[in-house]
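**Student:** Okay, here's what each chain looks like letter by letter:
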Amino acid sequence: MATTVVTGRDLTLTIASTNYDAQATSATLSNEHTIETYQTLDGRAYKAIDDNWTFTVELLSDWGATSSLCEAMWAAAESSPNSTLAVSLTAATGAVFAFNVLPIFPSAGGTAPGAQTQTWTFQVVGTPTETFS
Amino acid sequence: MTASTVEVSVRQAIATALASVSANVYSYVPETPITPAVCLIPDSPYFEITTIGRSTIDFKVNLVITAMVSYSSNPAALDNLEKLIVSILAAIPAGYELSTVERPSVTQVGASNLLVADIRVSTYYTQTN
Numbered sequence: 002m003a004t005t006v007v008t009g010r011d012l013t014l015t016i017a018s019t020n021y022d023a024q025a026t027s028a029t030l031s032n033e034h035t036i037e038t039y040q041t042l043d044g045r046a047y048k049a050i051d052d053n054w055t056f057t058v059e060l061l062s063d064w065g066a067t068s069s070l071c072e073a074m075w076a077a078a079e080s081s082p083n084s085t086l087a088v089s090l091t092a093a094t095g096a097v098f099a100f101n102v103l104p105i106f107p108s109a110g111g112t113a114p115g116a117q118t119q120t121w122t123f124q125v126v127g128t129p130t131e132t133f134s
Numbered sequence: 006m007t008a009s010t011v012e013v014s015v016r017q018a019i020a021t022a023l024a025s026v027s028a029n030v031y032s033y034v035p036e037t038p039i040t041p042a043v044c045l046i047p048d049s050p051y052f053e054i055t056t057i058g059r060s061t062i063d064f065k066v067n068l069v070i071t072a073m074v075s076y077s078s079n080p081a082a083l084d085n086l087e088k089l090i091v092s093i094l095a096a097i098p099a100g101y102e103l104s105t106v107e108r109p110s111v112t113q114v115g116a117s118n119l120l121v122a123d124i125r126v127s128t129y130y131t132q133t134n
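Those sequence lines, one after another, are chains A and B. Take the first sequence: its position 73, counted from the start at 1, is 74 in the working numbering, and no numbers get skipped. Take the second sequence: its position 1, counted from the start at 1, is 6 in the working numbering, and no numbers get skipped.
No lab work stands behind these hints, which were simulated from the structure alone. There is no bait here: all hints are sound.
Derived lysine to any residue pairs resembling SDA-like cross-links, with alpha carbons at most 20 Å apart:
#	chain 1	residue 1	chain 2	residue 2
1	B	K65	A	T26
2	B	K65	A	W64
3	B	K65	B	Y51
4	B	K65	A	A66
5	B	K65	B	A20
6	B	K65	A	T120
7	B	K65	A	G9
8	A	K48	A	H34
9	B	K65	A	A23
10	B	K88	B	P109
11	B	K65	A	D11
12	B	K65	A	A113
13	B	K65	B	L103
14	B	K65	A	S27
15	B	K65	A	A116
16	B	K65	A	G115
17	B	K65	A	D63
18	B	K65	A	T112
19	B	K88	B	I124
Based on the sequences and whatever the hints tell you, model everything.
**Tutor:** Written out as structure tokens, the structure is:
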């Protein structure tokens, strides 16, 4: 098959129906797959027992800006910490990952000469829904 | 709504902010700068794509602010250059990343010698329309 390269520029990031591509410098959905190993009389046996999904976003801080992601996330974490936010990650090649995350409080401040940035690691609730076209 | 440009949103914006500095400010490379002078030129890489997605054109713009003073007496020229650099740093508006001030060097422009130092700054630009 022909080589297909998908870059970060081919992604679209939507949190609670708002597109945040212009602020986000990185967005990664990842899974920690827990497999237990048993030593049996017949040899090693394996059993997948759990999955934990996390969603990590790196972005430029946008405190005070119109439609600020940092402010929206702070408000969500403060007022509804147990209510999930819908996230959609779409690759230009057609794959769509839809999932829900719990809000977290953003950080404030930064290094003297550089841009203020954020690194958020969200707990994904449930299992992401994938649509491979 | 008129489309934004790097010239208006970034280069002219910083040139306007530097107007308070006691020097001639150029938002381009002049053939014969009149010292003391401040010149805004592109750094390398000029544009860096730092955000994900293609729904907006958004990138980091790297610029060099070159501070130039006449070079006749070495200690006086260095003092003048340091004062000019400090006044430039104070005038740089919010939203600009400051990284380093490069080592001063002597540059010959036409018949005159200039003491020159580069200040590296960056900012973020989002295309509208």
